[in-house]
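Chains A and B supply the protein sequences, listed in that same order. Numbering of the first sequence is given in the working numbering, commencing with residue 322 and proceeding in unit increments. Numbering of the second sequence is given in the working numbering, commencing with residue 322 and proceeding in unit increments.
Mixed in with the good hints, there may be bad ones.
The list makes no distinction among identical chains, and a pair is therefore deemed to hold if it is satisfied within one copy or across any two copies.
Claimed, not checked - In silico PhoX-like links for lysine-lysine, alpha-carbon gap of 25 Å or less:
1) Lys346 with Lys435
2) Lys381 with Lys531
3) Lys531 with Lys435
4) Lys435 with Lys381
Quick caveat, the hints were computed from the structure, so don't treat them as lab data.
Number of protein chains: 2
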Amino acid sequence: MRGIRQLAEHLDISIGTVSRALNGKPDVNEETRRRVLAAAEELGYVANQSGRSLRQGETKVIGLMIESSQEAVENADNFFLGVTSGLQHVFARHKLDLLMLPCPSDEDPCEYLKRMVARRVVDAMIISNTQRIDRRIDLLSRARIPFAAVGRSLSAGNFPWIDLDFEGVAERAVERLAARGHRRIAITAPSSEVNLGYVFVESYRRALEKHGIPFNPSLVIRVKSSEQGGYQAAHELLLLEDRPTAVVLIYELMAIGLYRRMMESGIVPGRDLAVIGFRDAPRARFLQPSLSCFRMSLYDLGIALGEMLLANMPAYRELYPDCGRNIIWPLELVQGESDAFEIEAMV
Amino acid sequence: MRGIRQLAEHLDISIGTVSRALNGKPDVNEETRRRVLAAAEELGYVANQSGRSLRQGETKVIGLMIESSQEAVENADNFFLGVTSGLQHVFARHKLDLLMLPCPSDEDPCEYLKRMVARRVVDAMIISNTQRIDRRIDLLSRARIPFAAVGRSLSAGNFPWIDLDFEGVAERAVERLAARGHRRIAITAPSSEVNLGYVFVESYRRALEKHGIPFNPSLVIRVKSSEQGGYQAAHELLLLEDRPTAVVLIYELMAIGLYRRMMESGIVPGRDLAVIGFRDAPRARFLQPSLSCFRMSLYDLGIALGEMLLANMPAYRELYPDCGRNIIWPLELVQGESDAFEIEAMV
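Throw the hints in and build the complete structure from the sequences for me.
What follows is the structure in structure tokens.
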């Protein structure tokens, strides 16, 4: 890797002139500029951005912290790759780049974040997978690093976050099923401390109440958010004495494993068991019968998240005065065949 | 974000003493050290890593460039999340961190890489999705940035790479099908210029020759590497006048779309059409009939890739003297039901 000194020596020109040529300053003649740029290309000259950020106090890089846990790995959650395009669209307006920071599965997320912050690689952070109590939020607030979260948390005060409308999904799913006569409606929930699990189950409980259906804790099936988790959930549903007639899933890919396990027992989704999935996913689109689920644009979510973050960075705040600080992102119902039957028909 | 100056002012101690306390130097008394550390925690002091790297000439960060194209996004290729764990395991030995650099879909990968290199965020790079001609390889070689590639390329000379054994997969798939009497064996290939497509098709051609089967270009179906691509491939196979009796897929998730399209036409994989998939994937495990495919450990690949990279970094070279510079990564056949029939039975 060659620096400006090597370049100047090679060309036998002063460092000052080389620097002015590289930075497009007007007081360098065209011939010299051409020679400098050609040599820079030839020798593989690379500007020392690290020196620049030190002077300017910014790196022009935004970090997105993701988890590389076994669960995330096995299931290839495309959620963040989808959001990335929207984020990049927003950041490109200001020549900011997005880096993804994958937290190793055997490391405490807060310790990891502390180290990454100390590396001063990024100007601002986006964290995801927020836990019920999440020390990362306190850490970033204290260190005065601009940040935004994907997901809510009980931690800290009024920090900027965007979250999916888990309430709306639970509510509409229960309403739809109740209208078709279902009274024994099961739900899947994550087995971890992730905040969305609490939100989802609580909303489901309230929705049941609204329809006069008593809440039964044994119908909350806690499994991993994966295909395998869906398979496991189906297995547990089959073991229940008084089997539910409907199930609402919290994670898109669960439907794949659940369908398989049900089919193995001769139970057909949409005929013997009503299934409502969570987010519409490309691979769930190939399920038969087609899955009733909820649709949203990851790209648009990325745009909103990016703008919310910039609205919280001193350098860009004024450009984004109207950004919400807390956003509940809506999802739209996609009617499939997996819940297309009335419960009366079975009785 | 507070720096060392603010910390010193707050404590009314000299910057030098604060610095020595923070860096664990012995010439600071215990009481002062405790006060400094408590205040650092309280005020959210963060060491200026950017200043450090400038002096030490290294960032202790390794970059992994990935694509965030629509195709990658929609299909959530978990390949790199899987490899990440192995890489992190190796890098942790040397307190190196891994960042993922997602190249926006509308940006030229080489220009993107040039910019990221100029940012000096990383000490070394891993690139993936190598193209037949890949200017990134020349760029990194010229800039003398240590790197390793996932995938081969015709570009540059003897650069360090690791690649899947596409030859072996094509060869064993054709051999297996030929042994069961198949003569009309189709193959799917990517519609892009990615190098692996060329390797796969060429190996398939040679394998056919070995078994005395003439190569027929119309049996090479070029589609996107996705579920939808699999659906499209099935559609094109159904349109062929003399329909193939077998198909070999280049991408794991293609099987999901292909199964669906075949089922829609009443064609059952493993009975009417032999299907051999590529890499074993969690969601393909729920297909019925089960898919014959190939298994590998992404984690182990990550380990080998990480060690190969370190063997090419001056600071770590001596610790990894025996690392291969070019590695073809083997895959192991997993026998499923999707190709479990002999062609004679159909005639």
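Hints and how they fare:
Only between protomers do Lys346 and Lys435 lie at most 25 Å apart by alpha-carbon distance; the minimum there is 21 Å, versus 39 Å within a single protomer. Taking identical chains as interchangeable, the C-alpha atoms of Lys381 and Lys531 are never at most 25 Å apart, the minima being 49 Å within one chain and 55 Å between chains. Taking the shortest Cα distances, Lys531 and Lys435 never come within 25 Å of each other, neither inside one copy (44 Å) nor across copies (58 Å). When the C-alpha separation of Lys435 and Lys381 is checked against a cutoff of 25 Å, the pair qualifies both within a copy, at 19 Å, and between copies, at 15 Å.
Hints 2, 3 from the earlier list are contradicted by this structure; the remaining hints agree with it.
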